[in-house]
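There are 2 protein chains.
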Amino acid sequence: MSECWDSSIKDELQMVEEEIRRSIRSEQPILTEICEYVISSGGKRMRPGVTLLSYLANGGRETDDVVKIAAAFEMIHSATLIHDDINDRSEMRRGRPSAYKKFGLQQALVGGDFLFVKAFAIGGFFDEEIVGLVADACTAIAESEIVQFEKEGQIAPLDVYLRIIEGKTARPIMAGARIGAYLAKAGPDRIHAMGEYGLNIGMAFQIVDDILDIIGKQGSLGKPLMVDFHEGKATLPLIQAMEDPKVGPRLSKLFRKKRKTNADIEEASALIAMTDTVERARQRAKGYAERALAALEGVQDSGHKQGLIRLATMVVERDY
Amino acid sequence: MSECWDSSIKDELQMVEEEIRRSIRSEQPILTEICEYVISSGGKRMRPGVTLLSYLANGGRETDDVVKIAAAFEMIHSATLIHDDINDRSEMRRGRPSAYKKFGLQQALVGGDFLFVKAFAIGGFFDEEIVGLVADACTAIAESEIVQFEKEGQIAPLDVYLRIIEGKTARPIMAGARIGAYLAKAGPDRIHAMGEYGLNIGMAFQIVDDILDIIGKQGSLGKPLMVDFHEGKATLPLIQAMEDPKVGPRLSKLFRKKRKTNADIEEASALIAMTDTVERARQRAKGYAERALAALEGVQDSGHKQGLIRLATMVVERDY
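Protein chains in written order, with our numbering: chain A, 110 to 429; chain B, 110 to 429.
Any given hint could be a false lead.
Intra- or inter-copy, both count: the list cannot distinguish identical chains.
What the hints assert, rightly or not - Simulated crosslink set (SDA-like; lysine to any residue; CA at most 25 Å straight-line):
| # | residue 1 | residue 2 |
| --- | --- | --- |
| 1 | Lys-414 | Leu-267 |
| 2 | Lys-366 | Gly-213 |
| 3 | Lys-362 | Ile-348 |
| 4 | Lys-414 | Ala-379 |
| 5 | Lys-332 | Ile-264 |
| 6 | Lys-355 | Arg-154 |
| 7 | Lys-414 | Val-269 |
To be clear, the hints were calculated from the coordinates, so they are not data collected in a lab.
This one's a predicted model, so the numbers in the text were calculated from it and none came from an experiment.
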């Protein structure tokens, strides 16, 4: 299967790009520039992609509305990335300076606000149900960020980690999948099932992201490795490794250090490599991907359904 | 006339408070706490007040919808205050530590995002026209902030100053006034006139705010005096004073200094006091207030219209 997960929606994804470009026009060129910079930085377009595929796989035909909502989800995602990088003082994002680094804190903060506003302006074309789903997803993002700040530097238990990634990654994708099915006039059961697909794909995606922070090829993610460890964010592979009877105690000690040296990071990498945590985390991601696939059972076969299936495979197997 | 401008809408303003309290509930108590902290810090509630009065003065009777929109405007206003204080590194706001100072940058940034989201979620109950007006107002705020950053430290010309205060203060109040009339099913001309009222009241209000930054009683604004001068923000009274043939050259030199000492600020205060800039700025604010009053001409007399009239007076005469 050489096709990409998004090969059946190339045209629609292009329309999403155009919708975004239209939405981010501003009297102040710098605002448009900040938005362009972040949006064109090579994101995978998974959020709009899932929304579009959910719509089309459920028999939707008129793409105008779903393109708008898909664009709004990508814009919200980009806005949160801009604000996240401010909060984490992240200097790199996708191989380039972060917006915060490139444009400065003030401009980046307002740029993120501007993107949020423009995304919600798109909401004006839709009913209460849809705006509610988008707003709930944004609320989940904000709430999970708060949990993440509070747990920084702590070896948080697994359920806290799962709650964080559900809020920041899985629930927004779930909302997009649900809205796609809703706009296609699918029934409540199908809308629910598509939500399950989105939720589980999102969990799998984020776990793999957290694995790649540890073992990705340096540079292929466009940022340094071991950022989560450095920042004291207890991701699944880190939590599991710190529970390892042999290396756990030493690794935990390094994790808790407020100022970690390069030598600390290198030692931590080596300790993690002595455990099977990456493999176990990938197995867990696979479990989510399988649940995502199971949720598609009732959906009639089509090129778009195949796209959703391929996405579930890609999400777990990707190494970038 | 001993009545306050908002005495005819006490009940409705109370309903706005309740709507805001409902909207900012969160699974994460800290988010609710940040929002409560900012919203309960003694703002004048001018934005919701103008929206409510515009609705009621134009014959609106069912207050449920207008209360929701009024709440959304206050929430957006509070969100921008939180983010502004981060951008300006302001430590005080209304006599208390700013949210940024009290809760830290990360929590305040996300708290502001959360408030934006909750305000826009309210938009889901309204049509495209209303969401568009709210979103345009938010866009104007973001764009004027960008202009403000770009001009920081420069003696910006008057038209730039007017554009900044129109975007950050007057256009949001204009949008609220327009929406109030729209919800009351006023005709296009009346909606336009109420917008003119809001726009002009907003201009007057901000000019007086900028005057009070110079001559307010220390502490009565809940923040130090001469903050704009210190931060290099060229407000109307500062621009005019720097054009004064006698004190202008010295004042401009002090204004352009990147690091200003207390002695610089004291000297600048004394120089400004030698000019008539405050009186001239107040005259200009009065001009806007008069235009606001003129826009009310066609509105039938009522307690609510009297409230709008009293607001126009209060805005110019206030000393806090």
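Each hint tested on the structure:
In the homo-oligomer, the alpha carbons of Lys-414 and Leu-267 never lie at most 25 Å apart, since the shortest distance is 32 Å inside one protomer and 59 Å across protomers. In this assembly of identical chains, Lys-366 and Gly-213 lie within 25 Å of each other by CA distance solely across copies; the values are 21 Å between and 29 Å within a copy. In this assembly of identical chains, the alpha carbons of Lys-362 and Ile-348 lie at most 25 Å apart only when taken from the same copy (13 Å versus 57 Å across copies). For the homomeric pair Lys-414 and Ala-379, neither the shortest alpha-carbon distance inside one copy (41 Å) nor that between copies (73 Å) is at most 25 Å.
Taking the shortest Cα distances, Lys-332 and Ile-264 sit within 25 Å of each other inside one copy (23 Å), while across copies they are farther apart (40 Å). Proximity of Lys-355 and Arg-154 under a CA criterion of 25 Å is satisfied in neither setting, with 40 Å inside one chain copy and 60 Å between copies. In this assembly of identical chains, the alpha carbons of Lys-414 and Val-269 never lie at most 25 Å apart, being 32 Å within a copy and 54 Å across copies at closest.
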